[in-house]
Structure formats: C-alpha cells, structure tokens
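Novice: Spelled out, the chains give:
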Amino acid sequence: MKIHEYQARNLLEQAGIPTLPGDVATTPSEARKIAERFTGQVVVKAQIHAGGRGKAGGVKVVSTPDEAGVAAASMLGRRLVTHQTPSGGVLVRKVLVAAAADIADELYVAVVMDGDLGVPVVMASTEGGVEIEHVAETTPEKIMRVPGDPLIGFSPYRARDMAYALGVPAELVRPTADLIVKLYRLFVDKDCSLVEVNPLVVTRPSKPGEVARIIALDAKVTLEDDALFRHPELQALHDPDQEEPLELRAAAAELSYVKLEGGRVGCMVNGAGLAMATMDITKWAGADPANFLDVGGSADEKRVEEAYRILVDDKDVEVILINLFGGILRCDAAARGIVAGAKATRHDLPIIVAMRGTNADEGLKILGDSGLKVSTAADLAGAAEGLKTILASMPAKGAHHAQGGGR
Amino acid sequence: MAVLVGKNTRLLVQGLGRDGAFQASRARAYGTNMAAAVHPGREGQKFEDAVPYFSSVARAVKETGANTGVIYVPAPAAADAIIEQVDAGIELIVCITEGVPVLDMMKVLAYMKGRKSRLIGPNCPGLLQPATKVKVGIIPASIVRPGTVGIVSRSGTLTYEAIAQLSTHGLGESTCVGIGGDPLHGTTFTDVLGLFQADPETEAIVMIGEIGGDREQRAAEFIKKNVKKPVVAAIVGHTAPTGKRMGHAGAIITGKAALASEKIKALKEAGVHVVDSPAYIGQKMKEIMGR
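Protein chains in written order, with the numbering used here: chain A, 2 to 408; chain B, 1114 to 1404.
These aren't lab readings, by the way, just hints derived from the structure by calculation. Mixed in with the good hints, there may be bad ones.
[Unchecked claim] Restraint ranges, calculated between C-beta atoms of paired labels, are given here:
1) A/Asp370 x B/Gly1227: 40 to 46 Å
2) A/Glu132 x B/Glu1382: 29 to 35 Å
3) A/Thr140 x B/Arg1155: 55 to 61 Å
4) B/His1282 x A/Asp162: 54 to 60 Å
5) B/Lys1381 x A/Ala237: 45 to 51 Å
6) A/Ser156 x B/Arg1228: 22 to 28 Å
Note that this is a predicted model, so its numbers are computed, not measured. C-beta: ideal position from N, C-alpha, C; glycine also.
Generate coordinates for the entire structure from the input sequences, incorporating the hints supplied.
Specialist: This is the structure we're talking about:
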C-alpha cells in the first residue's frame, strides 16, 4: 500500500529520524498559517502517490507565507500530471508545507527486501536528489548495498561504515549511522516493502555557531499489503482518492485489477504467471490488453461475477479473453459467475474462454449453454488463435467510439 | 526412486477449512496416502471417516508417522504452521498459502537453516507425481498423466498450462513441482533441477520462469555445469508494464537481470530450449523427445 509523503514523514518522525518541521494543509489559508511558523524559505509539496512532482509543478519553494498560500492554491483541487500518474493526472487534496533547508549535499538511502538474499538491504548512494533508477543505469558502482540480518537487524557498525562511505562530515558520521539503523528498524517494525529517503541532506549552517545536520528531506514508504492485518493503525493511512474507481471496487472484492493504457482486450485470469502469459499471447495475436483482472486462486461464483462486471465497466474493452485454470478455483463456479455477470451487463461482447483443471468440463458446458457469444479454446495457443480470428472480424480499435462521436 | 515424494509418502494436511478440506478430499480420491489431518479442536474426529484429526503436528507425526506436510492455514498463521512442522520433524513441507508476510518468511527461512526439513512455497501449487499417485497441493490430478518430463515452475496456473500442453502432445510427467511466486521461498529452481538431473524417472525438464529477481540466471548457471538432460524453458512477462507489479527500488536490486530478455539470454547460453511464447512448451518438448 502506498502512502503520502506527509504520512511517511510522520512515520519517520515517530521512529526518531530528523525531518524538517512542517505540516499538512487542505486549503491555501491553512498553508499560509503553517508557513507563518517558519522564518526563511518554505517548500510547498502536492501530496499524490506518484513521483516526478517537481517537474510537473507540484513542488514549489517560496519566500513568504503569502507566496505559500498562492503556491498551495495553484495545486489544491487541480489534477497533477506527472510521468508516473495516469494520463488524466491525480487530484491534489493536500499539500505539505515545510521549512526549506540550506543544502550542502544530497544523498540517497533506502531499505528494500532483497528476494535473493532473503533479508532487507540498505541501499545508499552519494548521488541523491536524482532518480535512483538513473543512477543504477549509468553509475551502478555508486550504489552501496548492505544486507541486514533476521536476528541482529542492521548492525550499527555496518551503518557506520556506510556513513563513512557516503563521505558525510566527521561530526555527522554518528547521526547518519543512527539514522540508517532507525530506517531499517522502521522497515521491519511496520512491515514495509520500501522505505526511501531521497534526498537525505547534509545542511549548510546558516550562521556562525550553527552545526551541519543530516535530515530526511523527502520520504517514501510503501507498506506490505500482506502484513497490514497486524497494523490496524496503518490501514487508516489508505487514501482511496489516489486509486482508480475500478481498482477500488476490485480491491473491495479481493480481486487484483490493473488498468493498462491503449488496449481493447479485457483479460480475466487466475494467477500472476498466467496473467503475464495471457498478456504475452494477446500481444502475439496483434492486440493490447486494456486491463488485467486476476481473480486469484480461490475465487467463488460471486467474486467471479463481480470480476466480470468490473472488466466490462472498463469502456475500452471490446473483446474478452478469459484464461482460467481450476485448482482451488472451480471452473463450474467461475462459469456461473461469468454468465451472471455477462447477462447483467454487456452480454453482446465476444468472449474467448480457455478453461481447464478442476471441474472444467462442467464450466465449459455452462458457458456453451448460456447463449452468450462464447468461443472456447483448449489451451493458450488455441486462445491466441481464437483471439486473432475475432480481432480480424472486428472493426479497428476505437471505431465504435467514433461512430457516436459526431466527428 | 523419485523426486521429493514417492511410494513412502505419508501426507499430513494442516488447515482443513473450506479450501484445505476440498483439496485433501481431492488428494485422497486420487490415491494419495493421507495419514493425518491437523486442525486444532477436532482431535478425536476423523476426516472423511478415515483420517484421524490431531490438534498438533507433533502428535500427528508421533501417532501416524507422517513425513510430508501440506499447509492450507490462513496467511497470518502460515509461518507458525511451517515452524510447527519443522519442529515436528516433517521432512518435506509444502506451503500452499498465499499472502504470507515477507518478513515472516525471512524469519522462517533463517529458522530452517541447519534443520533437516525442506520447504516448498509459500504461495505455490505444490507437487504431483502421477506414477505414485502422490498429490501434495492443488495441482489438478485430472490433467496429469504418468511420463518422463519433470516440471518446475514459479507460477501456479502456468504450471497447469504446461501440463495440459504436454498431455496434448502425448507426453506425461515424472513429477511436477511449483516452487511459488513469492520473493522469499524455500526450494529454488536450482534445487529442483538438481533433483531432476539425478532422477532416473525424469528424461527431460520444463522450467517456467517469470520477470523479476535473478533466480532464472542462477538456474542457467547451474544447468550449464550440472544438467545433462534437455530443458525447455518459458519466461513470461515480456510485455508486463514496468513498475505495475514491482517497486522501482525493488527492481534495482537485480537491475537488468529482472528483465525477461536477460533471463532468456542466460538460459539460451546454457543450452536451454527457450520457447518464444508460453503457448509452445508442449510442442517444443515433443520435438525434442521425438528426436
């Protein structure tokens, strides 16, 4: 589960990690009031679950409380489009208003699970403030990776070694090592799948007598969905505004729905591997998937019906490809769900079904007797061929939209 | 001898809720020797009037000599169930449960180091051996037939797809093993490939991988050095949108290795027959076996 920057920042603060003072506002006047608490420059940041905000106008550094209000007004209630959001952008309902820092150096630090090592690793780099993907591609030697341990956690000496390698000023080695250990502990305590601070900054003292500090200037925390059951306080951080309505409906029905841009084939599958294989063969057949709906391993009739309804509520869908393999999922139950869903919605859509495994014969019979436009396939290759045939008999993508478009 | 399970398998099923009970029933109907059922509160009763229930794995093992365990308990309790089976001395533990927290698995894998149990899964379909009628998990018995192809796969349903394709081409399986799709799992590709290479019942191997991680590359290295039997592989996810399933920082861990193209390259270099589309696994295997 993704959470907002201000929420991540709160988690960091609770973990004893230094951040700059700030607060969250939902109106320009609130933003102005928060800015009044600080002397010097203030940063106003749109709170959406996507990166690339800076380039898209979602992060502004201002000098006065009035300007903070203006900056907030330019973001709140608008849809912010970044390279990570859907093309329509995401609605900004909150902004974070925080004191700005005088930055001497920008670093990067993150904690993430390493599936191959089987433990979380701390990644750090001297190249902070830029996209870490870019660093990984161009100068991978500039990213350190140091593993933790299931029993020990993250050894302070390892954190200290990392602090030295990051080249922080001598007086900041201890605070930086301390920060790294606390980030690791946060990752474990809250069952995170990612804790990322980019940039982690070394501040420049603004007046004599002041000392340099190490501060988490930005914070990104992703929580592991599978572990939320033991963190009721974190479940409350979920922000449904950040998700597509169909994704929310899918999540409520314990289904996994992924919207894809530009396709016309609605895909219902069970299992992530079969989802990817179905996507590969859809491309092979010359089409693009409009979405993916994974009903999971143990769906029943009701859940499959809801899955079908969600699938066809995606208006890009012109043809349906269903590829199910019964295990715990029983194909007869799935078939009844599909028929119920189709009869209640867009029953005229062509449907290609490959169905094998537990009670597959009963399932195929139910579909065959349903009166729907169903063609069945024996396997993945057959489904690909079936899809190709149907696509060949259909007008080009989007043609039916243009008919009613009055162009 | 056979891989992982065989004639001497005595199966213990832990967690007999709706799904667990359904699958246990299927396994028994197929002919699997189910020795014990573990579900707290049901001790003294019998599953299907035949298999004794126990409240603890240790008691079940003591009373029945069960040596293989399958876990269907809900995700929040799955890690504890694995540890209970390890402590009871179960040799092969298969965890079907999906959604086990990754940090739970971190602890489980650390706990298992130096102990003799082997874990398959979690989030896997388990294994099935047609010749001995041993079904440990949820792979549908109706689709398999005895044969000489060993299957190892990260994906559940795609394993069934491969089995169905082999059947279409008149081929059957020695043992099918689903190792599971979670980032932290017990038995790996490399482990199973080694077992298949040593198994006289297995003549050829199907391996199904996915994008993400670098386990396929490790398997490729292992195949190059140790596997003499023909291997047909499919890697799915060529066209998966980046960043939809895995976070960017997670992908960085292995960098380019996570890409389908890199995995395919490594496998081809190791002499593996990699099919362009997962739809052609059966066809390719038929070609090779017919030579």
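Novice: For every hint, state whether the structure bears it out.
Specialist: The hints, checked one at a time:
no.	hint	result
1	A/Asp370 x B/Gly1227: 40 to 46 Å	violated, 58 Å
2	A/Glu132 x B/Glu1382: 29 to 35 Å	holds, 31 Å
3	A/Thr140 x B/Arg1155: 55 to 61 Å	holds, 60 Å
4	B/His1282 x A/Asp162: 54 to 60 Å	holds, 56 Å
5	B/Lys1381 x A/Ala237: 45 to 51 Å	holds, 49 Å
6	A/Ser156 x B/Arg1228: 22 to 28 Å	holds, 25 Å
The structure is inconsistent with hint 1 alone, although it conforms to all the rest.
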